[in-house]
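Same order as they appear, the protein sequences are chains R and F. All residue numbers for the first sequence refer to my numbering, where the first residue is 43 and numbers rise by one. All residue numbers for the second sequence refer to my numbering, where the first residue is 407 and numbers rise by one.
One or more of the hints may lead you astray.
Pair by pair, the computed Cβ-Cβ distance ranges are [to be verified]:
| # | chain 1 | residue 1 | chain 2 | residue 2 | range |
| --- | --- | --- | --- | --- | --- |
| 1 | F | K412 | R | E91 | 48 to 58 Å |
| 2 | F | K480 | R | S290 | 38 to 48 Å |
| 3 | R | D394 | F | D452 | 31 to 41 Å |
| 4 | F | K412 | R | N187 | 37 to 47 Å |
Derived by calculation from the structure, the hints in this document are not laboratory data. We treat Cβ as the ideally placed atom computed from N, Cα and C, and that holds for glycine.
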Amino acid sequence: MSLFDYTLKELQEKLHNKEITITDLVNASYERINEVDDQVHAFLTLNEEGARENAKELEQLANDHTNLLFGIPAGIKDNLVTKGLRTTCASQLLDNFNDPLYNATVVDRLNKERTVTIGKLNMDEFAMGSSNENSSYTATRNPWNTDYVPGGSSGGSAAAVAANEVFFSLGSDTGGSIRQPAAFCGVVGLKPTYGLVSRFGLVAFASSLDQIGPITRTVEDNAHVLQAIAGHDEMDSTSANITVPDYSAAFKENVKGMKIAVPKEYLQEGVTPEVKEAVLQALKVYEDLGATWEEVSLPHSKYAVAAYYLLSSSEASANLARFDGVRYGVRSEQATNMLDMFKLSRSEGFGDEVKRRIMLGTFALSSGYYDAYYKKAQKVRTLIKNDFEKVFEDYDVIIGPTTPTPAFKVGEKTDDPLTMYANDILTIPVNLAGVPGISVPCGFSTNGLPIGLQIIGKHFDETTIYRTAYAFEQATDHHKKRPTLGGAK
Amino acid sequence: MSEISKEQVKHVAHLARLAISDEEVETMTKQLGDIINYAELLNELDTDHVKPTTHVLDLKNVMRKDEPRKWIEKEDALKNAPDQKDGQFRVPSILE
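Build the full structure now, drawing on both the sequences and the hints.
Okay, here's the thing in structure tokens:
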């Protein structure tokens, strides 16, 4: 067995019994990275020296054994600011951002739990994309088959966990960027309720949709990481001031009598037969466990992608205005005046997809078009949110596929932006409604690629999501399969 | 069907502070046009009496006490800057 086969709880027992040391865990991460990352390309920056020093320091500290994250090696998506550790958002514009001044709140909170930061993970530039092919450095590959994409934008975060390079990672999800790569890579990824996790230090893409969440190998590990990063933060004015529940309560209850809603729109055209079959099999598992399910309708689902691209691009066009080549980032050397400096620095620094979305957003917000596009999309957002609220009056959770298809091939969808956008049709509505959603492994396609089951809950009801996901995980063994990258594990 | 013209694309690029080549104007005009056309789908819905959602949670303005707090030191704030002089960010001339 490899160290990566153990849960956080089991690793903590081993550390406590002195069977292993934190240095062993850190070594295991870097050995695996050396072995497979030239195939996976999950990492943009490694923190090897810092991590090894950190491990030595932590080994001098007493651990009370109840902190399940103590000494655990983690990977951080490269749009989360890490003090003194290069943070690029996979953009050439931030290529020289080597010395960030502070930590994102989530990074501080992990540090408080004494995790060890292994490095920064690859992504689509500024989190805009669904395949990692928009990284300006290198495209991360799917560990199950490196001809395929890992999903995006948190493709590096999902691939690193799937490839046993780290014990867990953090990603961010604006329209599916945690759940879709988790589904493609066969790992567990949660997008928390909007406002549950502080966004301070997350380089903003679309501020009303962005959330940070954990990517792990098991549901239980996921809950432990969320426990550490969730909760109010005065540095984020949209952070919800609520008492964070004890998520481990989720693992003490079963799903007997649970009412599951299955939106008919989530099993319609576009969803491949294999994906549909995997979801129906999962529903059968829930029946056997004593839950019931019924078909429901989320009638405005087909409008979600259009509303999302207008809203998220509008917000992005405002958020990315800060990249002007003045205070940080790369400045064009061609400019002789201020206006040209802005224009040339941004044009040289941003990739095509980022420019396209800034343009779309600027257009949607511009005089004469605001009401027709931006405001219209906000109204449609209300209808989509109401769809979810209505279903949640009668049901505990909503279940469907995370994505219409398993991972697609590298280069397959890069020609047409709209084809790429359609891939997020089942994850986007969740962000628009602000509710939480998880993706858990629920099977494999005939060509051996993972399929993800999406479980959606009520606002701030992550506990029920975890309970539902855990019951499925306990009853199946999809999550135990690992890719055979680089030969043996 | 709504169309977006090359002139509009150039104007939007200026608003967005992007310098785009003639070739990019061509592709952007087509691609933005396609996306905008796709967004026309939303016009199927009657939203006259629907309130827009700016935020999913019922958030109020968050205020804190107006007290100075220590944050980032000046030299730290300058250390990632592409250019600096005399403790300030330096940029090309603004006036001719």
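Inset, instruction - State the violated hints by number, sorted upward, taking the hints as numbered earlier in the document. - result: Those not satisfied: there are none.
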